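Following my numbering, the numbering of the sequence shown begins with 2 at its first residue and continues without gaps.
Think of the hints as simulated: they come from the structure by calculation, not from any bench.
Incorrect hints may have been included.
[What the hints assert, rightly or not] Listed next, with one range per pair, are the computed distances between beta-carbon atoms:
1. Glu321 to Gly54: 17 to 27 Å
2. Phe17 to Pro226: 34 to 44 Å
3. Leu264 to Val195: 35 to 45 Å
4. Ala156 to Ser121: 49 to 59 Å
Note that the coordinates shown come from a computational prediction; the quantities given were computed from them, not determined experimentally.
The beta carbon of each residue, even a glycine, is placed where N, CA and C say it ideally should be.
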Amino acid sequence: MSTSQVVSRPTVQEGFQGNDKLLAGIVLGVLTFWMFAGTVGTVARAILTDINGGPVDRVAHPLVSLSQMNLAVSITALVSGLFIVFLGGLADRVGRVRVAIVGNGLGILGSVLIVLASGSAALPMLLAGRAIQGLSAACIMPATMALVKTYWTGAGRQRAVSMWSIGSWGGSGVAALFGGFMASSVDWRAIFYVSIAISVVSIVLIWGTPESKARQETHVRFDVPGLVIFMVSVLALMIVLIFGRQLGWTAPLTLGLGAVAVLGGALFLRFERNRDTPFIDFRLFKNTTFTGATLSNFLLNGTIGLLIVSQQMLQIARPELFDPWKAGLLTIGYAVAIIGFIRVGERLLRRFGPRRPMVWGASIVGVACALLIPTNILVGPYTVLAVIAYTLFGVGLAFYATPSTDAALSNLPPGQAGAGAGIYKMASSLGGAIGAAISLTIFTSFLGSGVSIVGQILVTQGMQQNASVRQAGMVTFMFNLILALIAIISILSTVPKGRKYNDE
Numbered sequence: 002m003s004t005s006q007v008v009s010r011p012t013v014q015e016g017f018q019g020n021d022k023l024l025a026g027i028v029l030g031v032l033t034f035w036m037f038a039g040t041v042g043t044v045a046r047a048i049l050t051d052i053n054g055g056p057v058d059r060v061a062h063p064l065v066s067l068s069q070m071n072l073a074v075s076i077t078a079l080v081s082g083l084f085i086v087f088l089g090g091l092a093d094r095v096g097r098v099r100v101a102i103v104g105n106g107l108g109i110l111g112s113v114l115i116v117l118a119s120g121s122a123a124l125p126m127l128l129a130g131r132a133i134q135g136l137s138a139a140c141i142m143p144a145t146m147a148l149v150k151t152y153w154t155g156a157g158r159q160r161a162v163s164m165w166s167i168g169s170w171g172g173s174g175v176a177a178l179f180g181g182f183m184a185s186s187v188d189w190r191a192i193f194y195v196s197i198a199i200s201v202v203s204i205v206l207i208w209g210t211p212e213s214k215a216r217q218e219t220h221v222r223f224d225v226p227g228l229v230i231f232m233v234s235v236l237a238l239m240i241v242l243i244f245g246r247q248l249g250w251t252a253p254l255t256l257g258l259g260a261v262a263v264l265g266g267a268l269f270l271r272f273e274r275n276r277d278t279p280f281i282d283f284r285l286f287k288n289t290t291f292t293g294a295t296l297s298n299f300l301l302n303g304t305i306g307l308l309i310v311s312q313q314m315l316q317i318a319r320p321e322l323f324d325p326w327k328a329g330l331l332t333i334g335y336a337v338a339i340i341g342f343i344r345v346g347e348r349l350l351r352r353f354g355p356r357r358p359m360v361w362g363a364s365i366v367g368v369a370c371a372l373l374i375p376t377n378i379l380v381g382p383y384t385v386l387a388v389i390a391y392t393l394f395g396v397g398l399a400f401y402a403t404p405s406t407d408a409a410l411s412n413l414p415p416g417q418a419g420a421g422a423g424i425y426k427m428a429s430s431l432g433g434a435i436g437a438a439i440s441l442t443i444f445t446s447f448l449g450s451g452v453s454i455v456g457q458i459l460v461t462q463g464m465q466q467n468a469s470v471r472q473a474g475m476v477t478f479m480f481n482l483i484l485a486l487i488a489i490i491s492i493l494s495t496v497p498k499g500r501k502y503n504d505e
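Make a model of the complete structure from these sequences and hints.
See below:
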């Protein structure tokens with residue numbers, strides 16, 4: 002972790018208890034990432050068409066290419082994942098309230114840059130704005146999660162965690178619907194105007210909250226070398242995933258970047274184990290419940306690629322039937338389910354402990370992935386399957402969210418709340434970034450490959466002009482099903498049975 006061993010009690014104002022005003026400010030801050038920043042995957046085609054002055058595949062020299070747009074989709078979660086542990090530790094040290102407010106300020110700046118992205122400066126402004134949104138999330142996520150742990154206890158904490166989860170998981174559920182509506186009915190830039198307003202309200206509600214920080218007995222230094230090694234390794238991996246097809250999978254640059262990612266990862270593991278104050282404290286993973294919650298959180302967040310790719314597939318395969326709004330409308334069951342069932346996940350946690358609802362949730366996500374796989378059928382029946390799949394996707398994540406988050410929080414020492422929570426949320430962000438990048442890479446690779454794998458096994462019904470698009474979607478959804486299955490195995494292997502889940 003970034004600040005090291007804070008071994009004492011958290012410093013807070015005596016007697017202060019979390020209230021609904023603070024909780025509302027926290028939830029709104031969380032929404033700025035999961036709901037507003039998360040819309041870009043759904044409205045990516047609308048952004049490309051607007052900035053380039055026409056469909057990207059029909060413009061000779063686009064200002065923003067498809068691969069560059071894929072980077073813009075993934076970079077927010079990537080930057081968040083890279084810095085969330087560092088900034089979680091910083092929140093422990095300088096104050097969680099202060100860092101949460103700064104995070105909202107960064108969210109405003111990032112949204113302004115995205116709104117202004119146009120002309121020759123479109124690409125750098127778009128990428129800079131998305132990256133700054135990632136820094137915003139890296140401030141807000143661990144700081145607000147630590148505030149929840151510090152200022153709420155018992156059943157009140159579980160309620161606060163549920164509300165926090167509604168902001169994150171629920172926000173992601175509403176993102177496609179909200180983004181599609183704004184892009185089709187108003188303008189895609191309006192999404193970020195609203196995000197700016199929400200950030201301002203969040204700052205107002207959080208402002209004045211007594212500061213919370215971890216009291217340190219000795220001064221410790223940030224593990225800058227560990228952060229740099231980790232950052233270089235992950236960036237190299239992401240460049241390979243996003244631009245590998247464009248550069249050539251066997252090109253020297255691609256192979257070199259792949260080597261950097263692998264060797265950097267190995268060096269990071271060895272380097273961190275010998276540090277007194279590591280960037281990521283691997284000793285936390287001796288706690289099996291924390292390990293299971295974090296690993297499965299990474300994998301299930303990776304399935305967000307299913308949502309992004311399915312929305313793009315519908316818009317590309319049948320543009321006359323699905324614009325961003327109509328495609329997003331199919332996800333209304335996802336939004337309703339994830340918000341409506343979040344508290345059900347909380348009740349399941351109280352009755353069964355974390356293991357069962359986490360397994361049930363991951364299994365339902367797997368069923369959702371499976372329902373989206375048969376893209377070879379006609380559009381009518383597939384639309385019905387998609388609506389059911391999106392709804393089950395929301396139910397599964399809702400069952401999983403609170404038990405997983407509470408299990409991770411309840412196993413963290415008070416002084417490590419910010420940094421430990423940062424590791425958990427790093428799993429969310431990196432899982433989403435890497436999962437989305439792999440899904441988009443699989444989709445775009447099969448989209449233009451001319452290779453017919455599925456057609457040799459299954460008959461593609463209806464229109465044949467979009468067969469490659471449908472095949473690309475099918476293969477991508479199979480990949481997401483594999484992620485869900487691995488998540489189930491990881492939970493069964495690491496999270497103990499029963500109601501007592503604090504490791505002794």
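Results of checking the hints against the structure:
Taken as a hint, the range 17 to 27 Å holds for the pair Glu321 and Gly54, whose Cβ atoms sit roughly 21 Å apart. Range check, Phe17 to Pro226: about 38 Å between beta-carbon atoms, so the 34 to 44 Å window is met. At roughly 44 Å, the beta-carbon separation of Leu264 and Val195 lies within the given 35 to 45 Å, and the hint holds. At about 55 Å, the CB distance of Ala156 to Ser121 agrees with the hint of 49 to 59 Å.
Comparing the model with each numbered hint stated earlier shows that all of them hold.
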